[in-house]
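Peer 1: For reference, the chains in residue letters:
Number of protein chains: 2
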Amino acid sequence: MNDSRVNDLLAFLRFPSVSTQTDHAADMRACAAWLEAKLSSLGFTAEVRETGGHPAVVAKSPYDPAKRTVLIYGHYDVQPPDPLDEWETPPFEPTIRDGRIYARGSTDNKGQILAHILGVGELLSRGETLPVNVTFLVEGEEETGSDNLAPFLERYRENLACDVIVISDTGMAAHNYPTLTYALRGIAALEFRVSGPSQDLHSGVFGGAVMNPATAVARLIATLHDQDGRVLVEGFYDKVRPLPEWEREALASLPVGDESIRTLAGVDQLFGEKGYSAMEQIGARPTVEVNGIGGGYQGEGTKTVLPKGAFAKLTCRLVSDQVPDEILHLVEAHLHKHCPPGVRLEVTCGHSGEPYYTDPTSPDGMAARRALKEVFEIEPALMREGGSIPILTSFKKILGKDTLLLALASPDCHAHSPNENFPLENFFNGIRLSQAVIRELGTVSRQPAA
Amino acid sequence: MNDSRVNDLLAFLRFPSVSTQTDHAADMRACAAWLEAKLSSLGFTAEVRETGGHPAVVAKSPYDPAKRTVLIYGHYDVQPPDPLDEWETPPFEPTIRDGRIYARGSTDNKGQILAHILGVGELLSRGETLPVNVTFLVEGEEETGSDNLAPFLERYRENLACDVIVISDTGMAAHNYPTLTYALRGIAALEFRVSGPSQDLHSGVFGGAVMNPATAVARLIATLHDQDGRVLVEGFYDKVRPLPEWEREALASLPVGDESIRTLAGVDQLFGEKGYSAMEQIGARPTVEVNGIGGGYQGEGTKTVLPKGAFAKLTCRLVSDQVPDEILHLVEAHLHKHCPPGVRLEVTCGHSGEPYYTDPTSPDGMAARRALKEVFEIEPALMREGGSIPILTSFKKILGKDTLLLALASPDCHAHSPNENFPLENFFNGIRLSQAVIRELGTVSRQPAA
Chain A
1 MNDSRVNDLL
11 AFLRFPSVST
21 QTDHAADMRA
31 CAAWLEAKLS
41 SLGFTAEVRE
51 TGGHPAVVAK
61 SPYDPAKRTV
71 LIYGHYDVQP
81 PDPLDEWETP
91 PFEPTIRDGR
101 IYARGSTDNK
111 GQILAHILGV
121 GELLSRGETL
131 PVNVTFLVEG
141 EEETGSDNLA
151 PFLERYRENL
161 ACDVIVISDT
171 GMAAHNYPTL
181 TYALRGIAAL
191 EFRVSGPSQD
201 LHSGVFGGAV
211 MNPATAVARL
221 IATLHDQDGR
231 VLVEGFYDKV
241 RPLPEWEREA
251 LASLPVGDES
261 IRTLAGVDQL
271 FGEKGYSAME
281 QIGARPTVEV
291 NGIGGGYQGE
301 GTKTVLPKGA
311 FAKLTCRLVS
321 DQVPDEILHL
331 VEAHLHKHCP
341 PGVRLEVTCG
351 HSGEPYYTDP
361 TSPDGMAARR
371 ALKEVFEIEP
381 ALMREGGSIP
391 ILTSFKKILG
401 KDTLLLALAS
411 PDCHAHSPNE
421 NFPLENFFNG
431 IRLSQAVIRE
441 LGTVSRQPAA
Chain B
1 MNDSRVNDLL
11 AFLRFPSVST
21 QTDHAADMRA
31 CAAWLEAKLS
41 SLGFTAEVRE
51 TGGHPAVVAK
61 SPYDPAKRTV
71 LIYGHYDVQP
81 PDPLDEWETP
91 PFEPTIRDGR
101 IYARGSTDNK
111 GQILAHILGV
121 GELLSRGETL
131 PVNVTFLVEG
141 EEETGSDNLA
151 PFLERYRENL
161 ACDVIVISDT
171 GMAAHNYPTL
181 TYALRGIAAL
191 EFRVSGPSQD
201 LHSGVFGGAV
211 MNPATAVARL
221 IATLHDQDGR
231 VLVEGFYDKV
241 RPLPEWEREA
251 LASLPVGDES
261 IRTLAGVDQL
271 FGEKGYSAME
281 QIGARPTVEV
291 NGIGGGYQGE
301 GTKTVLPKGA
311 FAKLTCRLVS
321 DQVPDEILHL
331 VEAHLHKHCP
341 PGVRLEVTCG
351 HSGEPYYTDP
361 TSPDGMAARR
371 ALKEVFEIEP
381 ALMREGGSIP
391 ILTSFKKILG
401 KDTLLLALAS
411 PDCHAHSPNE
421 NFPLENFFNG
431 IRLSQAVIRE
441 LGTVSRQPAA
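Heads up: the protein sequence lines correspond to chains A and B, in order. Going by the working numbering, the first sequence opens with residue 1, and the numbers climb by one from there. Going by the working numbering, the second sequence opens with residue 1, and the numbers climb by one from there.
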């Protein structure tokens, strides 16, 4: 395929911009520099700005004070690509098969943010007057919790002032099904390590008289849920808003339900909190999930060792009105309360983000729905999503504006998984959607400054 | 130090003879060839013999049909050296510090078997007539369960016929404290894997509706023991012989107790089955121990993944009269019974070995105790040990003879751990012990052939 837009995406995807791994710091900078050059070439005033961590790229269209300003946010950092041996083609050698482009980051979030950049850039580079002022903000720390973004927004509060924010980092309810997501779960991450003997011991020579740290980690994890998956951490559900009947009905009417989620997950049967559909469990109920567990011998065969330590990495997904720091304290207290004797427990809290909820019937929400309908030719679904975009809370608190979440990922794009991909159809629809949404948002009357 | 015996040990320890890792197969053969050459140079008739796996080395002194035959067994294979970063010097670059030689395999079991080879070899090479016929059998699969040894003993039953077997692969009750071990725990290894989604999932997008395999592995491990560490697998203790009062008294009189075990293990407090001392928990009570656990993201930072699978590696330590295959079946049934819904469980049974008990007051036992007393100048301790030497059962069943376990390892030699070491003093004592024990065993009257 010789389409310059696709070639741009291929180039963007070749950067191994893994933000959580420090040895990719130079790749991150190279990727940011590429974005800056691309945006400049399209007619934006673009620059790489320091954040204290991986840099962000900011670009602006020529400014007209009479017009509204739309801030389009995305991220150029990606998840680690492992397990590498499960990729059909290497994660940073993007490959097109059956109309999809396979690469780490293709659907999270490089495909989408580049679609917006090329959509607006196409208008700009052919000399059209944009219906709104557009600011792009593309950061490099979304996958590690955007720790530096709130201070960045504080620092550039005036420079980044806008009327509304647009993000395409959510999933469509079904392939080619336009979707406006109005609620996202928050996140609170922690890691705990259990230490026992001063070094790995022979499990025959010492086993029976020493608490095994791997057993201790397992026992701690087993205390987190009841048999049905309901979280047993004391106080965990105290601030969870009950789901109103109208929302349960709206979620039940989506073109996705238990069976499609079961198929997408690739499991024989679903499992979760009793009394809720899978869409409700994912969109409207909180979780504590084990992202990683490890300790002792990991290799081939047997090693008769009683390991000196073991660990688990957890993330909680939160719904309104749970507060991340409160939840982290509750989980930490729970772990300390249940830690077996004979070992030491160390809990390290990680990144966090508040749950998000915005009104899909506001003027901007209605404009977004018109744009979605124009591109996809059906009424968009209104959806709650299970993932987290912690920075929505920062945008609301610091810039004072709501965010429109316009999905461009299909359900089988495998974000965070091996063989992550993005359909070229979605990429081209994204380019059209970007143009439609700035046109529709330009028709909304300006609100007085706060 | 320029002692040819120490130089021999340094050379022996340089082979990375890790039997469980298939990429070390050539190192195994090189190590066996080195042993064959060393034994031949001392006057033994030595050869490397195929076993179907890693080869064994067999060597014999000149045969006198009027004399008893002593078979001295050892192994040249070693445990994997990881975690590598905890070694002060590289595991296969043996280094002498403060009178100890540091290397993987130094105390398990290269130091001891070489002491025996050099002890008997010294007599032979200076033309002395040995008080017994000596056969050396040095195998390469002890650390992986000696799967090929029983068929090997069957095949060479006549060639390896003997009156008694001597092995130095146990630990002294304290440094320089002569020790005859009369009981060892058996072993039964298994690994289980829990599989859920067809691939790693985004823990936000799917978490709450899908059983997490890492959580399932943890929950399964948590079902294995009660709060005090007593095993909850149904039927697990059915065949465990109660500990008679005289043995509890003998174990209590050893120069090692709870406090010394706590210090050796490097833990703040011991943990184990109520009503038993640490020596009893280790020597006379069975266990189920987690040797390794893993699943999901293992790297730096956070990866918000719901892993497709997770695993645990277990070994049970068994006491008389538990039967390894029966115990494996009980544990497998327990795991299947407790596996949560929504995931698949696969159990793979590994190697096993029966528990061993022999009489320390037999004529050969008394001869061994005289030899130990001669070298160390105090009455030897009689001990139960927690480790396993599965092949003792094969020797008993196939060759029909008992085994004398003469300890040469000190308690802080760190078998199976980083910084494994062997004091040169123990090495030289081992050389003397080998000479003393064949002299004492030569004085025992021959038993009629079975």
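In short, the hints are calculated from the structure, not lab data. Hints may contain errors.
Said to hold, decoys possible - Pairs of lysine to any residue, SDA-like flavour, derived with a Cα cap of 25 Å: (1) K337(A) - K67(B); (2) K396(B) - I378(B); (3) K274(B) - T443(A); (4) K274(B) - R230(A); (5) K337(A) - P360(A); (6) K337(B) - K67(A); (7) K67(A) - P341(A); (8) K337(B) - K397(A); (9) K337(A) - K337(B); (10) K337(A) - Q269(B); (11) K67(B) - K337(B); (12) K397(A) - P81(A); (13) K274(B) - C339(A); (14) K337(B) - R230(A); (15) K274(B) - K67(A).
As the list claims (entries may be wrong) - So, partial list: chain B residues that the calculated Cβ filter (under 7 Å) puts toward chain A: (16) A11; (17) T20; (18) A214; (19) V290; (20) I378.
The beta carbon of each residue, even a glycine, is placed where N, CA and C say it ideally should be.
Peer 1: A separate judgement is required for each hint: does it hold in the structure or not?
Peer 2: Comparing the hints with the structure gives:
1. Note on K337(A) and K67(B): the hinted pairing is violated, with a Cα-Cα distance of about 66 Å set against a maximum of 25 Å.
2. At most 25 Å may separate the alpha-carbon atoms for a hinted pair to count; K396(B) and I378(B) exceed this at roughly 30 Å.
3. Proposed proximity of K274(B) and T443(A) is contradicted: the alpha carbons are some 76 Å apart, above 25 Å.
4. Using a Cα cut-off of 25 Å, the hinted pair K274(B) and R230(A) is violated, with the two alpha carbons roughly 33 Å apart.
5. Between K337(A) and P360(A) the alpha-carbon distance is near 42 Å, which puts this suggested pair outside the 25 Å criterion.
6. Only pairs whose Cα atoms come within 25 Å are accepted, and K337(B) paired with K67(A) is rejected, the gap being roughly 66 Å.
7. Under the criterion of a C-alpha separation no larger than 25 Å, the hint pairing K67(A) with P341(A) is inconsistent with the structure, at around 65 Å.
8. The hinted pair formed by K337(B) and K397(A) fails the criterion: a straight-line CA distance of about 51 Å is larger than 25 Å.
9. With a C-alpha separation of about 28 Å, the suggested pairing of K337(A) with K337(B) is violated against the 25 Å cut-off.
10. Taken as a hint, the K337(A) and Q269(B) pair is honoured in the structure, with Cα atoms around 18 Å apart against an allowance of 25 Å.
11. Between K67(B) and K337(B) the alpha-carbon distance is near 57 Å, which puts this suggested pair outside the 25 Å criterion.
12. As the CA atoms of K397(A) and P81(A) are separated by approximately 33 Å, the hinted pair breaks the 25 Å bound.
13. For a cut-off of 25 Å, the pair hint linking K274(B) to C339(A) stands: about 18 Å separates their Cα positions.
14. The straight-line distance between the Cα atoms of K337(B) and R230(A) is roughly 21 Å, inside the 25 Å bound, and the hint therefore holds.
15. Distance hint between K274(B) and K67(A) is unfulfilled; the C-alpha atoms sit about 77 Å from each other, more than 25 Å.
16. At a threshold of 7 Å, the smallest CB-CB gap from A11(B) to chain A is about 26 Å, leaving the interface hint violated.
17. For T20(B), the shortest C-beta to C-beta distance to chain A is roughly 4 Å, which falls under 7 Å, so the interface hint holds.
18. Here the hint on A214(B) is kept, as its CB sits about 4 Å from the closest CB of chain A, short of 7 Å.
19. For V290(B), the interface hint holds, since its Cβ comes within 7 Å of a Cβ in chain A; the closest pair sits about 4 Å apart.
20. With 7 Å as the threshold, the beta carbon of I378(B) stays out of range of chain A, its nearest partner Cβ sitting at about 23 Å, so the hint is violated.
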